[in-house]
Amino acid sequence: GAVVSQHPSRVICKSGTSVKIECRSLDFQATTMFWYRQFPKQSLMLMATSNEGSKATYEQGVEKDKFLINHASLTLSTLTVTSAHPEDSSFYICSAPDRGIDSPLHFGNGTRLTVT
Amino acid sequence: SQQGEEDPQALSIQEGENATMNCSYKTSINNLQWYRQNSGRGLVHLILIRSNEREKHSGRLRVTLDTSKKSSSLLITASRAADTASYFCLSGSGGYQKVTFGTGTKLQVIP
Chain L
1 GAVVSQHPSR VICKSGTSVK IECRSLDFQA TTMFWYRQFP KQSLMLMATS
51 NEGSKATYEQ GVEKDKFLIN HASLTLSTLT VTSAHPEDSS FYICSAPDRG
101 IDSPLHFGNG TRLTVT
Chain W
1 SQQGEEDPQA LSIQEGENAT MNCSYKTSIN NLQWYRQNSG RGLVHLILIR
51 SNEREKHSGR LRVTLDTSKK SSSLLITASR AADTASYFCL SGSGGYQKVT
101 FGTGTKLQVI P
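Chains as they are written, first to last, in my numbering: chain L, 1 to 116; chain W, 1 to 111.
These aren't lab readings, by the way, just hints derived from the structure by calculation. The structure displayed is predicted, hence computed values, not measured ones. Think of the CB as a built atom: it goes at the ideal place given N, C-alpha and C, for glycine as much as any other residue. Take the hints with a grain of salt, since some may be wrong.
BS3-like mimics (lysine-lysine), calculated; alpha carbons at most 25 Å apart, straight line [said to hold, decoys possible]: (1) W:K106 with L:K41; (2) W:K56 with W:K70; (3) W:K69 with W:K26; (4) W:K26 with L:K41; (5) L:K66 with L:K55; (6) L:K14 with L:K66.
Covered stretches of chain L (in silico footprint by chain W; criterion: 3 or more residues with CB under 8 Å from a CB of chain W, positions within the stretch not fixed) [stated by the list, open to error]: (7) 42-56; (8) 105-116.
My request is simple: use the sequences and hints to build the entire structure.
In structure tokens, the structure reads:
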């Protein structure tokens, strides 16, 4: 089946540094990818929609300069948390549909970011 | 918005019992999907039911859809400890512009 590979699974960084999270679709082309963050015991909060070859669409309240998204190819989308702060510590997850609109979403295994 | 709301928020049952969780949505849909999330992991797609279907089975899973009530239910029969997870529904209405999830149902299956 379709697989989305997300790396790293865990990362610890110091305040002020930047962290890049990668999501790759391994056996399908993902023209669209979704990025979420999830706080403990809460649901997934959609941060942005990444579109191959164009600018990402950010949800209200999400700083686009803080969370840089790049979707340069049909199989790779990246999320860079810039100038990270402790409040950015969270679980970040990506997903992509493999057959277009309304097809099931395939999720990465998430990235646990801890900012010290 | 394509947000589904799951009910109950938490459910604890003994192994072997059946677990039923519900989902309500607000807009008309093309399909409704159920996902499972194990703690600290990504979501896994379980089953998709189309708007013209009323019931669908997959292994120990049974999903029903009532479009007149804008609701769906997921039944897990003969539950196992490995079914312990959070379960989310997602309603698809022709686009992924607003793909958001509800708070989910946290299922605990006690061995």
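For which of the previously enumerated hints does the structure constitute a violation, in increasing order of number? none
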